Amino acid sequence: MSVFKNILIKYAAAALILLTAVFTAGCDQVDIIEPVNIYKENVVVRAELIANKTFAGVVFTKTLPIGTTYSPETAGLRDIEAYIKVNGNQVIPLHNAGNGLYKTLYDYKIKQGTYYELFAKHYGDPIYSKTYVPEVPNVRNVMYRSESFYLQGEVQANQKEAYGATWSYQAGSSGEMEAGDFYSIGNLPATSGTGKLIVRSLAIPEQYRGSGIFSKFDLKVYAFDKAFQNYFRTKGNGKAVEDSFIHGGDNIGWNIQGRNAIGLFIGYSVSAPIPQK
Amino acid sequence: MKKSFKYIALFFFIIIANSGCLKDSAITDVVTEENNGEKIIEYLESQGDFINSLQMPALDSAIDVHDHLDIYEVLDIRSSTQFAAGHIPRSKNIESANLMGAVKSISQNTIIIIVSQTGQAASYYTGLLRFAGFNNVYALRFGMVSWNPDFLGSWNSSTEPKEDFTNLAYERPAFTPLPAVTFDNSVSGIKEKILSRIQLLMSLSFGDPATSSLSTNLAGLNVIYNRLDSTFTNTFIVCFGFDGLYIWGPNGQLDIPGHPPRAVFYMQFNGYVSDLRSTSYLQTIPSSKDIVVYSKYGHSSAFVVAYLRMLGYNVKSLLFGAGWKEDLPQAYLENYAYDKGN
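First to last, the protein sequences are chains G and P. Note that our numbering has the first sequence beginning at 20, numbered continuously upward. Note that our numbering has the second sequence beginning at 7, numbered continuously upward.
Just chain P, same shape as in the assembly (with noise of 0.2 Å):
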């Protein structure tokens, strides 16, 4: 027995001689993962950032496209039966998901104008676009209905605002992760697998001015809003604009509440700040919540759908914007001719 003990002892001894010559072993435990939605942002702000610029929202007058038909390349994304009823002269009808294969296809130099019946779905597509990195690409501000009264009908604002309606201002709530977005992997190259997500989003339908599954509209709003003060709590309505947007009433009154109840305000880029960049609010947009985004007239929240969309978030925009305060402005509604069939 004590030999044995003898043998065990010079056993741990060679064990613990010859210890010293485990070399150090190379850091492996190293914090590591896969945030596709920050390769989204930083990729978007290495082109110049969209969003969050001076150029956003990318929208041209009725005015200038007009004066500009000769050399200006107009796609309308209408339903062939809409571009029947009537177009702009020298447009072509084209359906969104072939948006990008067009755009393409014209020269950078050339102005491209997206348009749609009111500029929303319109706005929606062109904010991809310019994330493709398209910067000549312009929605047609409130689209058809800017070209000629017979397409006035439809704008559908309601000016009918709800009783529980108010200008008490709501906290931005806790900063919260991105949504987990997955890439094409068919594709290699952080580029090109962006370019696939944007193709994908691009296949989406922007009802215009019919809801779908990017859109809702004040109807849709109030079923939330009902639901909001009991116990719909998955939605989070945010306004996107100016301040004066957010607190005002439609004439600078303070007396006409400005905004749904529990609707957060985040700043459009006014030259200083903007609350969508990453160094600021915007990941205290919950990821975990069915979103809805309006602005004044529909035109920016489309393209904050576009942008959030990129990033993950389920995300509608709320069509004609707050209609309640806002009226479609005469002063962008022309009279041009058009032209009928295919």
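Extracted from the complex, chain G is given alone in its bound form (with noise of 0.2 Å):
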């Protein structure tokens, strides 16, 4: 009885393997990419949430094939129907300002520590995002470091944001200048629920670090939605690859949902100029 058994075991234990590998074998197949249709059109949305700046609205344009001259007309779309949804309630329709851009019909004032959705329809197909608009950072002890030439300070983080700093500084009438990107976006270990953070600018460019200069330079600190930190870190996935040890075409951190769609809602505060202690 028990050789029936065995014999019976090894039979249905081969069967299975055999039905398995027959079951999995269509995934040997290779898709042959015809290069006429690598292009996929994909809607790109961009929006800035700037606490107690006015909202500049949503620009919705969509990828063009290679060769195709890039332009807000020929890459803007017209069909959208999008809103915006402030704190869970307030609902505030966007409108099509031209060239992709969909604006609120009054000005609109983006508040600081509120949360914002998007939702938007293109062609019947849902567009979402989320992002949360932190409060103006609290930044103190804003030094220079005169090893490496930069200006840190810190700040007073919690989970829900990420921070970066860039220098920037009064140049008389024409304004202010101010570092291109910053140097890192950090945010508090997760097991840290409010902390505090140091966070640096860029090093001042070498023709200001003169004694009678760099001490006028002032640190400037944003304080970004999290989703933010991810994007910064995956932002040169999809630059062209230069480097032949370097591997491109990883996914960049967008926080878009929606099919084929991609881009950046995001939401920040930027506090004002600190001046170095």
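Careful, some of the hints might be misleading.
[Said to hold, decoys possible] Cut-off 20 Å, straight-line C-alpha distance, at most; resulting in silico cross-link-like pairs (DMTMM-like, lysine to aspartate or glutamate):
1) G:LYS149 - P:GLU39
2) P:LYS98 - P:ASP296
3) G:LYS104 - P:GLU39
4) G:LYS149 - G:GLU136
5) G:LYS104 - P:ASP345
6) G:LYS140 - P:GLU39
Just so you know, the hints here were simulated from the structure itself, not pulled from any lab data. Values in this document were obtained by computation on a predicted structure and should not be read as measured data.
Using the hints, build the complex out of the two chains.
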């Protein structure tokens, strides 16, 4: 009886393996990509919601095939239905203002400490995003680090936000000069609810490092919806690969949901320029 | 047993080895919602946002109507009995439910005047017609009351303020979601659905001067006050107009209280701001409460009732406005001839 049982188990297992192998064999197919079909149109969504500033609207564009000259007229989408929702209640429609820009009918000031959602439809396909506009960051202890020529400061941080900093300089009548990018976008460790975080700027350009000038540089601290950190870390992934030892093509950390939709709908706040101690 | 284990291990190896061929599935978990209230606001904003514009309230005076009787089209929405008792020469008697069709049949270059007994019902229907895109429609300010003193008896402002009236400013409440609005699914296209909703609201009767599901009077409001101070907390009173209406007494005094207790002020468009915009305080009007709106004379509040009803709010206009402080203005009262019969 036990011999018969063993044989039965053996054949049942063999049959199961055969069945699984056949079932999954289709996975070996190689997709042949026709060069003419590589282009896939994506909807690109772009919006910055800056605390205490007038909302500039949401830009909806489409990606264009290689070889097509970009222009706002050709890329801007005209058939979007969209609105924003504030803290889950207040509904504010967006209207087509041309070239893919969708704006509120009246000026609307973005509120700090507030959640904003984007609901949109493109030919019936839903697009969604949600962002948090942080409170204007509270920055202390700004100082110049002469060993690497950057400014750093201390910010009261929380888990919902990520932080970056830039140097800025009031260049007389020519207005404010500000670093074009962040050194990094940092946030608290997952275990900390709130706490102090040190943020730093990129190095002040060499021509301004003389003692009379660098001391006039201030630090501006940006508090972002945490989703921005993912974007900042991955934003280089979409660039052309120019180094043989670096592979490209990884995904960029967009925060837009939707079929064939990418982009950023991101809230942030900015401190006033804080002078060095 | 060892052999069985070997087969099971091989089985899992095949599964794992082939798992890489599973393609990324398309994002299907997009957060969506159907928000018909948003669609209505979006549509009305795209049409000029009448309620928050300088066109609001779309009223015309008896003097102007009288001087243009030969070129204006005058539509009287009162009952046939009221019409027979006296009406503006050349005016036509028409039921409010049929107004949309009547207005459609008239050239958009012709000024159309809607007439009711006191101008308040006419304001409600004119508001709806404005939302439908008829920018050539106006309500006769104070209605037949302003046409001839024989109709003055219909104006019923109470001058007796409640003891607990106040000039304290009450805060606007927190934002609430828009009410749920159901569209007529027998028509397609957002414009058609909105026009269908307007037609539905045109078929409701706005009592003027009698109360109705769309209008109440001071006696009705008094009932609400009495309960507001105890257990009845489901009514929200909106004072709509300019800030003087809310705070000041009839002659600008601050010592005579300006508004009922707990009434909250919403600014009419003053050239700069308007509190009923989607970007301002519209949604601080609680969608879960019964709303009573009052304005200076009951015209503007009737327009606001038309707007809020479009959005699904359960709202009434306070007939005769802030009658406890605003007398019927003599400057608007004329003594023009009228016709009798049908």
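Checked hints:
Simply put, LYS149 of chain G and GLU39 of chain P have alpha-carbon atoms about 14 Å apart, close enough for the 20 Å limit, and the pair holds. Our distance criterion of 20 Å between C-alpha atoms is broken by LYS98 of chain P and ASP296 of chain P, whose separation comes to about 35 Å. The hinted pair formed by LYS104 of chain G and GLU39 of chain P meets the criterion: a straight-line CA distance of about 11 Å does not exceed 20 Å. Distance check on the hinted pair: LYS149 of chain G and GLU136 of chain G sit about 4 Å apart at the alpha-carbon level, within 20 Å; holds.
Simply put, LYS104 of chain G and ASP345 of chain P have alpha-carbon atoms about 54 Å apart, too far for the 20 Å limit, and the pair is violated. In summary, the hint linking LYS140 of chain G to GLU39 of chain P is supported, as the alpha carbons are separated by about 11 Å, within the 20 Å threshold.
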